[in-house]
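Peer 1: Sequence:
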Amino acid sequence: MPMVRITYVAENFGEDAEARKAAISSKFAQALSEEMGVGKGDVWVVFDDVGAKDWFVGPESVKEMRSRSS
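Quick note on our numbering: the sequence shown kicks off at 1 and runs consecutively.
Read the hints as simulated data drawn from the structure, not as lab findings.
All values reported here derive from a predicted model rather than from experimental measurement.
It is possible that part of the hints are untrue.
Derived Cβ-Cβ restraints for the label pairs, each shown as a range [stated by the list, open to error]:
{"id": "1", "residue 1": "Glu64", "residue 2": "Ile6", "range": "34 to 42 Å"}
{"id": "2", "residue 1": "Gly58", "residue 2": "Phe28", "range": "23 to 31 Å"}
{"id": "3", "residue 1": "Ser67", "residue 2": "Glu15", "range": "17 to 25 Å"}
{"id": "4", "residue 1": "Gly41", "residue 2": "Asp16", "range": "17 to 25 Å"}
{"id": "5", "residue 1": "Val38", "residue 2": "Ser70", "range": "38 to 46 Å"}
{"id": "6", "residue 1": "Ala19", "residue 2": "Ser70", "range": "24 to 32 Å"}
{"id": "7", "residue 1": "Glu35", "residue 2": "Thr7", "range": "20 to 28 Å"}
{"id": "8", "residue 1": "Arg68", "residue 2": "Lys27", "range": "27 to 35 Å"}
{"id": "9", "residue 1": "Glu60", "residue 2": "Gly37", "range": "41 to 49 Å"}
In silico DSSO-like links for lysine-lysine, alpha-carbon gap of 27 Å or less [as the list claims (entries may be wrong)]:
{"id": "10", "residue 1": "Lys40", "residue 2": "Lys21"}
{"id": "11", "residue 1": "Lys40", "residue 2": "Lys63"}
{"id": "12", "residue 1": "Lys63", "residue 2": "Lys53"}
{"id": "13", "residue 1": "Lys63", "residue 2": "Lys21"}
{"id": "14", "residue 1": "Lys40", "residue 2": "Lys27"}
Glycine included, each C-beta is placed from N, C-alpha and C at the ideal position.
Whole structure, please, built from the sequences with the hints as guidance.
Peer 2: In structure tokens:
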């Protein structure tokens with residue numbers, strides 16, 4: 001059973017995050033099904049959302065970077 005773990009900045013999904021996650025999950029399941037010869041129902045996809053204030057690039061959080069650039 002392949003598992004894909006997707007870690008992302010939560011604020012990037014915006015509105016309708018559930019539908020967007022379902023679409024992304026479906027595409028990963030399709031690709032792995034084709035390439036690995038497993039059923040789409042055997043592919044697990046886990047979304048780990050991390051707030052912009054908790055995601056750092058070097059010493060600066062994404063929240064700080066975004067507030068500086070806007």
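Peer 1: All hints are to be evaluated individually against the structure, with a verdict given for each.
Peer 2: Hints and how they fare:
no. : hint                        : in the structure
1   : Glu64 <-> Ile6: 34 to 42 Å  : 23 Å, violated
2   : Gly58 <-> Phe28: 23 to 31 Å : 29 Å, holds
3   : Ser67 <-> Glu15: 17 to 25 Å : 21 Å, holds
4   : Gly41 <-> Asp16: 17 to 25 Å : 24 Å, holds
5   : Val38 <-> Ser70: 38 to 46 Å : 43 Å, holds
6   : Ala19 <-> Ser70: 24 to 32 Å : 27 Å, holds
7   : Glu35 <-> Thr7: 20 to 28 Å  : 22 Å, holds
8   : Arg68 <-> Lys27: 27 to 35 Å : 33 Å, holds
9   : Glu60 <-> Gly37: 41 to 49 Å : 43 Å, holds
10  : Lys40 <-> Lys21             : 15 Å, holds
11  : Lys40 <-> Lys63             : 36 Å, violated
12  : Lys63 <-> Lys53             : 5 Å, holds
13  : Lys63 <-> Lys21             : 22 Å, holds
14  : Lys40 <-> Lys27             : 10 Å, holds
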